[in-house]
Amino acid sequence: MSSQRINWYKYAAPANFYPLAGKMIPWFAVLTALLFIAGLYVGFFVAPTDFQQGESYRILFIHVPAAWMGMFLYVLMAVYAGIGWAFNARLASMMATAISTTGAIFTFISLVTGSLWGRPAWGVWWVWDARLTSTLILLFLYIGFISLQSSIDEPRRADRAGAVLALVGLINVPIIYFSVQWWNSLHQGATITAKSFKMAPSMLASMLILLAACWMYSIAVVLVRVRYIIREREREAPWLAEAVA
Amino acid sequence: MFGWLVWRDLILAWRRRADVLATVFFFVIVVSLFPLGIGPERETLRTIAPGVVWVAALLASMLSLGRIFGNDYQDGTLEQLLLTPQSTYLIVLGKILAHWLVSEVPLVIIAPLLGLQFGLSQNSLAIMVLSLLLGTPVLSLIGSIGAALTLGLRAANVLIALLVLPLYIPVLIFGTGAVQASVGGTSPQPYLLLLGATLVLSLVFAPWATSAALRISVE
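Chains A and B supply the protein sequences, listed in that same order. Read in order, the letters of the first sequence correspond to residues 862 to 1106 in the numbering used here. Read in order, the letters of the second sequence correspond to residues 3 to 221 in the numbering used here.
These are computed hints drawn from the structure, not numbers from a lab. Keep in mind that a hint or two might mislead.
Unchecked claim - Calculated Cβ distances over 12 Å to all of chain B for the following chain A residues: (1) Ala-874; (2) Leu-896; (3) Phe-905; (4) Val-925; (5) Phe-969; (6) Leu-977; (7) Ala-982; (8) Met-1077; (9) Arg-1094; (10) Pro-1099; (11) Trp-1100.
As the list claims (entries may be wrong) - Not the full set, but computed from the structure, chain A residues with beta-carbon under 8 Å of chain B: (12) Ser-1012; (13) Arg-1021; (14) Ala-1022; (15) Leu-1026.
No residue lacks a Cβ here, since even glycine has one placed at the ideal position from N, Cα and C.
Could you put the whole structure together from the sequences, leaning on the hints where they help?
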């Protein structure tokens, strides 16, 4: 290996990034599969049954990573959109668009799994708990971003408008979170204490492995999606005809 | 320039009085539908009154958001305004102030009357007006971002709702919180202070974001 410095800017050009992404996707896909198998094995067969909640707590192994991913990906999306807007970097904006769908899906999964877990644990499908409500609002923010971008025909305007909305949303997320928390304490007493069961090390391990799996999955899927976006937007470019052929 | 712009928008709104009145009537009708849907028990109505009035104010103010920039965008005035050497921040702030005076202040004026129908006490009515006075400018400020982003798009009005309503949630919570506190006999002060803080924060940031959005949409 030579000690030459890698020119990172090279891969900011879609023409160079497209083949690189193509090479990276299989690796991340394999990692995703391995980590999912390992995490689910630990989660289902190694982790002990919880003495309070029985088997139903195991849904948290997917619920918690999904909820975290939904939040991380929103920040990541806003950062990419901001970079794409400030530095006029097309690829960063395309990444933001690609991330938005995955983030929305994870947020949706965390809502659905949360409600499935809530039924045996709290006895109801849905409570207006601060965390649930703010996750729901996060999903609304994703939906706003996606629908704004899809209703603008001109790609660069869609990128920039999305960036403004994502950044405004990012400033608002903490405000919304705290307002919902205060609202919650106003309307109902602490009927639900936070998931206050002690975690065995194998439970934590399963959750962390599955979190890693979700990350790898997100990277793989976002790369696939960004390649499609590149193909759609650069369809006139000569290099694409060569790369696809 | 700032004063001129506000004055001009007020005159334009006066020439199209029907639009403004439609917003006010929408507000009144939406609020009046709730007792019909829920039933006339006085206790229930009193508990839901703050929420109903605030949600209706949110919806009514959304109806008029498209008008902040829409007409000026169509006849080219907006482009000329953005080309002037004046700071875009002030231009946007002027448009927002005019929108608040035209579309939100009438709602604040008529709100106590609706509160009376819901059996709110005099004290609560005063708090409701105060919270609306602090909160509705925030609605105009945040709404202007959505209006600027959706300029000239298909189905812009529905889109504005999707973009802006989630961002309105803190205002809704603090606003209803203040009124509910006074109905429940506790001090509404913390909520009013939070509303004031939201107002200051959005006064600083929102016109800036709206200017950026306008430049994106107009170019």
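Taking the hints in turn, this is what the structure says about them:
1. Ala-874: Given a closest Cβ separation of 23 Å, the condition holds.
2. Leu-896: holds, 33 Å
3. Phe-905: holds, 37 Å
4. Val-925: holds, 23 Å
5. Phe-969: Holds, since 15 Å exceeds 12 Å.
6. Leu-977: The claim holds: Leu-977 (chain A) sits with its nearest Cβ about 24 Å from chain B, beyond 12 Å.
7. Ala-982: holds, 26 Å
8. Met-1077: holds, 30 Å
9. Arg-1094: It holds; Arg-1094 (chain A) is separated from chain B by about 18 Å at its closest Cβ, greater than 12 Å.
10. Pro-1099: holds, 28 Å
11. Trp-1100: holds, 28 Å
12. Ser-1012: Check passed: Cβ of Ser-1012 (chain A) comes within 5 Å of chain B, closer than 8 Å.
13. Arg-1021: holds, 4 Å
14. Ala-1022: For Ala-1022 (chain A), the interface hint holds, since the closest Cβ of chain B sits about 5 Å away, which is under 8 Å.
15. Leu-1026: holds, 6 Å
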